[in-house]
Amino acid sequence: MSRSEETAVAPETRSSDVAIVYLVFALLFGFSLFMAWGNFQGVPEFYAFMGIAGATPWVLLVAGIVVPPVLFVTGMAIARGRSMMARAGIMLAALAVNAQISLLLEQAARNVAAGVLG
Amino acid sequence: MNDDQKPEAESADDALSWEGDDELQRATSLDERAPADDDDDLAPRRGVFDVVREMTRGEKAVAALFMVLSLASAAGWIAVVATNPVTLEGTALMLIYELGEFLSIVGAPLAAFTAIQVARGRARTIWLASQFVVTLPWPLLLGALI
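So the protein sequences, as listed, match chains A and B.
Residues in the first sequence are numbered consecutively from 0, following numbering that gives the first Met the number 0.
Residues in the second sequence are numbered consecutively from 0, following numbering that gives the first Met the number 0.
It is possible that some hints are incorrect.
[Unchecked claim] Stretch-level coverage of chain A by chain B, calculated; a stretch enters the list once three of its residues show a Cβ under 8 Å from a Cβ in chain B: (1) 90-96; (2) 102-115.
[Stated by the list, open to error] Stretch-level coverage of chain B by chain A, calculated; a stretch enters the list once three of its residues show a Cβ under 8 Å from a Cβ in chain A: (3) 59-69; (4) 108-119; (5) 127-135.
Simulated from the structure, these hints should not be mistaken for lab results.
Predicted model only: the values in this text are computed from it and were never measured.
Where a beta carbon is used, it is the ideal one built from N, C-alpha and C, also for glycine.
The shape of chain A in the complex, shown without the other chains (with noise of 0.2 Å):
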């Protein structure tokens, strides 16, 4: 469906509705960057400790901290000026995709780990 054709559908669509919307998918978007800087911060003294802080998956922790904010905008975007179900299901569906990420950026910092301590 159009967005044009989307937004005469959903006229009752209020501002205040969609703010509610974006500010639970905030959070929700927020607690995982919250989750990513702790990583960003403990990480580096884990690799320290066991003697293998020139291993430190540096990009990983980076990009687990970008991931985030980065999803919630694109989501924002594609969702902009569609009907409320469409902006909920879309913001639903990036979170996922960014679950789905620090899943894949977890593993890859555990497989790092491995490899270098054999």
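Using the hints provided, position chain B relative to the given structure of chain A.
Frame of chain A; chain B shown alone:
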């Protein structure tokens, strides 16, 4: 004899009906039919399956294919989550982490469903293909490489 009984039968019918019943019944049937007819004053309420009904046969086949593929991706993500060794201290943290794992599993079908509902025509196919690539169980596929 018959002439005597006829008025009684008519009077019995009269007792079970009222003047204007026909008009009332006609009006009711019109009211019931109204929502199904085109009503320009009201915005149409679209159901989940309205999108599917509007698809061509080819579009339905493409959508069904990507839905099946997304379910296969979900199965892959179940394997990823099942082998994930991470445990966090604190029930709340673990609960939210497991919510993330659950979202990872349902992510592919959810994205496919959203693409089918939101996009149209060629854009729908592009979105379905894009979401399929993005939501593949990459930890499983790249496990040996990373």
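Mind taking a look at whether chain B covers the stretch 90-96 of chain A? Criterion is 3 or more residues with CB to CB distance under 8 Å.
holds (count 5)
For the stretch 59-69 of chain B, does the count of residues with a C-beta closer than 8 Å to a C-beta of chain A reach 3?
violated (count 0)
Examine the stretch 108-119 of chain B for residues whose CB is less than 8 Å from any CB of chain A, and state whether their number is three or more.
Three-residue rule met by the stretch 108-119 of chain B, so holds; n is 8.
Three residues or more, CB to CB closer than 8 Å: is that satisfied between the stretch 102-115 of chain A and chain B?
holds (count 8)
For the stretch 127-135 of chain B, do three or more residues have a beta carbon lying closer than 8 Å to a beta carbon of chain A?
Held - the stretch 127-135 of chain B has 3 residues with a Cβ nearer than 8 Å to chain A, which meets the minimum of three.
Of the numbered hints given earlier, the model fails hint 3 alone.
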